[in-house]
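Undergrad: These protein sequences, in sequence, are chains A and B.
Just so we're aligned, residue 2 is where the first sequence starts under the working numbering, counting upward by one.
Just so we're aligned, residue 2 is where the second sequence starts under the working numbering, counting upward by one.
Among the clues, some could well be false.
Now the in silico label distances, taken between C-beta atoms and shown as ranges [stated by the list, open to error]:
#1 B:Glu34 - A:Asn364: 53 to 61 Å
#2 A:Asp287 - B:Lys243: 41 to 49 Å
#3 B:Lys331 - A:Gly200: 49 to 57 Å
#4 A:Gly200 - B:Pro326: 57 to 65 Å
#5 B:Pro326 - A:Arg286: 22 to 30 Å
#6 A:Arg286 - B:Glu34: 33 to 41 Å
#7 A:Phe350 - B:Glu58: 47 to 55 Å
#8 A:Gly18 - B:Arg363: 35 to 43 Å
#9 B:Pro23 - A:Asp287: 22 to 30 Å
#10 B:Asp287 - A:Arg207: 27 to 35 Å
#11 B:Glu58 - A:Asn364: 53 to 61 Å
#12 B:Ser330 - A:Arg207: 45 to 53 Å
#13 A:Gly18 - B:Val348: 24 to 32 Å
Computed cross-link-like contacts, DMTMM-like style, restricted to lysine to aspartate or glutamate with a CA-CA straight-line distance of at most 20 Å [what the hints assert, rightly or not]:
#14 A:Lys54 - B:Glu115
#15 B:Lys54 - A:Glu115
#16 A:Lys331 - B:Glu115
#17 B:Lys331 - A:Glu115
By construction, these hints were calculated from the structure, which means they are not laboratory data.
All C-beta atoms, glycine included, are put in the ideal place defined by N, C-alpha and C.
Number of protein chains: 2
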Amino acid sequence: MSERLPQGFRAAGVYSGVKRNPQKLDLSLIVSERPCTAAGVFTRNLVFAAPVKLCRERTPSQTVRAVVVNSGNANACTGTQGDRDAAAMAEKVAGIVGCSHADVLVLSTGVIGELMPMQKVMPGIELAASRLSASEDALVAAARGMMTTDTRPKIAGRTISIDGQPITLCGIAKGAAMIGPNLATMLAVVMTDARIDMGDAHEGLRDAADESFNCISVEGHTSTNDSVVLLANGAAGGPVLKGAALAKFQATLVEVCEDLAQSIPADGEGATHMITVEVHGCRTRDEAIQIAKTIADSPLVKTAIAGNDPNWGRIVSAAGYAGVPFDASKVCLHLNGSLLYERGQPVPFDSDAVSRSMAADRNVGVVLLLDEGAASARFWTSDLTAEYVRLNADYQT
Amino acid sequence: MSERLPQGFRAAGVYSGVKRNPQKLDLSLIVSERPCTAAGVFTRNLVFAAPVKLCRERTPSQTVRAVVVNSGNANACTGTQGDRDAAAMAEKVAGIVGCSHADVLVLSTGVIGELMPMQKVMPGIELAASRLSASEDALVAAARGMMTTDTRPKIAGRTISIDGQPITLCGIAKGAAMIGPNLATMLAVVMTDARIDMGDAHEGLRDAADESFNCISVEGHTSTNDSVVLLANGAAGGPVLKGAALAKFQATLVEVCEDLAQSIPADGEGATHMITVEVHGCRTRDEAIQIAKTIADSPLVKTAIAGNDPNWGRIVSAAGYAGVPFDASKVCLHLNGSLLYERGQPVPFDSDAVSRSMAADRNVGVVLLLDEGAASARFWTSDLTAEYVRLNADYQT
Numbered sequence: 002m003s004e005r006l007p008q009g010f011r012a013a014g015v016y017s018g019v020k021r022n023p024q025k026l027d028l029s030l031i032v033s034e035r036p037c038t039a040a041g042v043f044t045r046n047l048v049f050a051a052p053v054k055l056c057r058e059r060t061p062s063q064t065v066r067a068v069v070v071n072s073g074n075a076n077a078c079t080g081t082q083g084d085r086d087a088a089a090m091a092e093k094v095a096g097i098v099g100c101s102h103a104d105v106l107v108l109s110t111g112v113i114g115e116l117m118p119m120q121k122v123m124p125g126i127e128l129a130a131s132r133l134s135a136s137e138d139a140l141v142a143a144a145r146g147m148m149t150t151d152t153r154p155k156i157a158g159r160t161i162s163i164d165g166q167p168i169t170l171c172g173i174a175k176g177a178a179m180i181g182p183n184l185a186t187m188l189a190v191v192m193t194d195a196r197i198d199m200g201d202a203h204e205g206l207r208d209a210a211d212e213s214f215n216c217i218s219v220e221g222h223t224s225t226n227d228s229v230v231l232l233a234n235g236a237a238g239g240p241v242l243k244g245a246a247l248a249k250f251q252a253t254l255v256e257v258c259e260d261l262a263q264s265i266p267a268d269g270e271g272a273t274h275m276i277t278v279e280v281h282g283c284r285t286r287d288e289a290i291q292i293a294k295t296i297a298d299s300p301l302v303k304t305a306i307a308g309n310d311p312n313w314g315r316i317v318s319a320a321g322y323a324g325v326p327f328d329a330s331k332v333c334l335h336l337n338g339s340l341l342y343e344r345g346q347p348v349p350f351d352s353d354a355v356s357r358s359m360a361a362d363r364n365v366g367v368v369l370l371l372d373e374g375a376a377s378a379r380f381w382t383s384d385l386t387a388e389y390v391r392l393n394a395d396y397q398t
Numbered sequence: 002m003s004e005r006l007p008q009g010f011r012a013a014g015v016y017s018g019v020k021r022n023p024q025k026l027d028l029s030l031i032v033s034e035r036p037c038t039a040a041g042v043f044t045r046n047l048v049f050a051a052p053v054k055l056c057r058e059r060t061p062s063q064t065v066r067a068v069v070v071n072s073g074n075a076n077a078c079t080g081t082q083g084d085r086d087a088a089a090m091a092e093k094v095a096g097i098v099g100c101s102h103a104d105v106l107v108l109s110t111g112v113i114g115e116l117m118p119m120q121k122v123m124p125g126i127e128l129a130a131s132r133l134s135a136s137e138d139a140l141v142a143a144a145r146g147m148m149t150t151d152t153r154p155k156i157a158g159r160t161i162s163i164d165g166q167p168i169t170l171c172g173i174a175k176g177a178a179m180i181g182p183n184l185a186t187m188l189a190v191v192m193t194d195a196r197i198d199m200g201d202a203h204e205g206l207r208d209a210a211d212e213s214f215n216c217i218s219v220e221g222h223t224s225t226n227d228s229v230v231l232l233a234n235g236a237a238g239g240p241v242l243k244g245a246a247l248a249k250f251q252a253t254l255v256e257v258c259e260d261l262a263q264s265i266p267a268d269g270e271g272a273t274h275m276i277t278v279e280v281h282g283c284r285t286r287d288e289a290i291q292i293a294k295t296i297a298d299s300p301l302v303k304t305a306i307a308g309n310d311p312n313w314g315r316i317v318s319a320a321g322y323a324g325v326p327f328d329a330s331k332v333c334l335h336l337n338g339s340l341l342y343e344r345g346q347p348v349p350f351d352s353d354a355v356s357r358s359m360a361a362d363r364n365v366g367v368v369l370l371l372d373e374g375a376a377s378a379r380f381w382t383s384d385l386t387a388e389y390v391r392l393n394a395d396y397q398t
């Protein structure tokens, strides 16, 4: 684990006044000293925010210099004024950094349907620019500036050696659930000093996101603002990564994305358990993901786990309605390592012991085995507690 | 509203001992004096219970005489012994009624993964047979005998006149959510003294279920036991219904099914609101249902409504991830009659007034308008409260 900025990156996180509480940070800035190869993956929601539109138009790219992130206002469902505000944020950063406005990306999270308070955001960008630093404190501040209902900043990193050259990857993320007053989001920025092609960056980020950010959910509600951005500035030197070197980089990128992705349900609103659902023996990975996601999104599964209840019936029946054909008489299920269901039938097990193992550990492992093929998937989610409902229902009262 | 058994039907509901609490009923019997045209629609879950397997094999039919229903044990995931137990229940009823065992249907709901306590069920069937009656009390008892976590029996009926002939339809149903210790179910039996063809019964029930039982959810978890059965014994006399007479019957069948279906989320576990989601302006009804169901199943929408929060962002964004393409810039949304979102943009509205209207009425209406076509759908669900989580998480503690 290396939680430090890669070479050639500086970061800052400040309070601009978008959030009500001045104890919190709400605006982050990341600047690379040289142009970055950049790629992005974004929400599949048809209703998407102005900054998502802007980033989609500007990635992939070979010339990105900066990313500005704000929390507290999602700039979603804000019409053409929202587009103008996102563009103005990029332009403001470009003026300070000294680059084209097209080389700045914008990410937003927070309230939807309200215009961005530009009179606060614009001075906030100036303040952030004045505090840019390569220090670990600056990295943590940038991670904090993205947070909404997150209880802690989410940072993951690795330093690896490729052909004797140290290469650093570092990502920051936010996301705890969709929350009030409207909805929140998953955002992540992964920085690296590796030198990679635009095409490799684009494909690599897409593949890494498929194995990480696309394998988590808190309650299955896809936000309007979800964005993951990769910036590679090449400051580590050396040739453009290809072949085995690129593969090693890619494996590390997946690890960093998995670390960040898992930290989101682990910090799920009101969550008392982090649930890992593994599904094996499927015909295709898509089918395995579909089953894993259906189990992970079932409120009945999530409430059972919140109650430390080894309720195999809810898990097996959730698999059964995932829309994927399988032979139900071949299904086996393990919970926290105990076999609860074998070849389509419940098996005797010590329910109290399994329940105690769930109560004793924040992590709960669900492993479902089918007999249809060799494809697998892992999916991460949080449990569903009364506290989650309170957080999401009662903010007005 | 006519809550009485159609001609030629008798019913009973008794306590057999499957449930722990002897104050509750847990076994119901419905017998027709003459053979019925019968049809059924069943869970699409790949993991389905023994009685579902039995009923699938025996419907549609022209010779059904009886339905036995038990609550407290779902006879699901019970292997070949489960199949033998379901068959034995049918055989026991057949012996009493004096018909072939193949003319008896079996419905079960309750705990899954435990063998049916046949030493309790078999005497229970005898007891129920000794109490068969055409009275309203017997009808209510039969409805109670199906209940699991339902707080009230669910009965709906109509008497209509077709060519001067009174025709009665009466249905009983159960369902409040999937619940512990494992999961529950939606069951419904609709009886009529109309005379209809087997093919018309089959198609008519399928269509009616599509407009009613397939348009509700409490938490989106499809049970292993869901079953809806139609019995038509022809005791009202007259010719087999065809043409306009059949259409009138069918419209009434839909009404009865809608009444029963709506009563399920209205009695949702811990629910404080009954939510009706209407989606208009879609290309196809399937797409309209897909969007309505996605909104209805969103925990964020359901918690917002529990909190009397007119949170249009959660509703519009749920539509956006339903997997149905639409032009987001044309979307309009009404909540309890107030316009909150128009042509892709939020509109100013009195948030406190809308919130008060939600707090004042158990029923909440969500109307989403697209501009893609002329198809519509209605979907019913309940809100998501901390009480629901408590019911589903804490039964063990």
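Undergrad: Run every hint past the structure and note whether it holds.
TA: Here is what the structure says about each hint:
1. A beta carbon spacing of about 60 Å between Glu34 of chain B and Asn364 of chain A agrees with the range 53 to 61 Å that was offered as a hint.
2. At roughly 47 Å, the beta-carbon separation of Asp287 of chain A and Lys243 of chain B lies within the given 41 to 49 Å, and the hint holds.
3. Range check, Lys331 of chain B to Gly200 of chain A: Cβ separation about 36 Å, and the 49 to 57 Å hint is violated.
4. Distance hint check for Gly200 of chain A and Pro326 of chain B: the Cβ-Cβ separation is about 28 Å, which falls outside the suggested range of 57 to 65 Å.
5. Distance hint check: the CB atoms of Pro326 of chain B and Arg286 of chain A are about 24 Å apart, consistent with the given range 22 to 30 Å.
6. A beta carbon spacing of about 57 Å between Arg286 of chain A and Glu34 of chain B contradicts the range 33 to 41 Å that was offered as a hint.
7. Distance hint check: the CB atoms of Phe350 of chain A and Glu58 of chain B are about 32 Å apart, inconsistent with the given range 47 to 55 Å.
8. A beta carbon spacing of about 41 Å between Gly18 of chain A and Arg363 of chain B agrees with the range 35 to 43 Å that was offered as a hint.
9. In this structure the supplied range 22 to 30 Å is violated for Pro23 of chain B paired with Asp287 of chain A, their Cβ-Cβ distance being about 50 Å.
10. The hint said 27 to 35 Å for the Cβ distance between Asp287 of chain B and Arg207 of chain A, and at roughly 30 Å that hint holds.
11. Judged by the Cβ atoms, the range 53 to 61 Å given for Glu58 of chain B and Asn364 of chain A is violated: they are separated by roughly 44 Å.
12. Ser330 of chain B and Arg207 of chain A have their C-beta atoms about 27 Å apart, which leaves the hinted 45 to 53 Å range violated.
13. Checked against the hint of 24 to 32 Å, the pair Gly18 of chain A and Val348 of chain B passes, with Cβ atoms roughly 26 Å apart.
14. Between Lys54 of chain A and Glu115 of chain B the CA atoms are separated by roughly 53 Å; this puts the pair beyond 20 Å, and the hint is violated.
15. Between the alpha carbons of Lys54 of chain B and Glu115 of chain A the distance comes to roughly 53 Å, so the proposed pair goes past 20 Å and is violated.
16. Between Lys331 of chain A and Glu115 of chain B the alpha-carbon distance is near 19 Å, which keeps this suggested pair within the 20 Å criterion.
17. For the suggested pair Lys331 of chain B and Glu115 of chain A, the alpha carbons sit about 19 Å apart, so the restraint of at most 20 Å is met.
In terms of the numbered hints stated before, the structure departs from hints 3, 4, 6, 7, 9, 11, 12, 14, 15, listed from lowest to highest.
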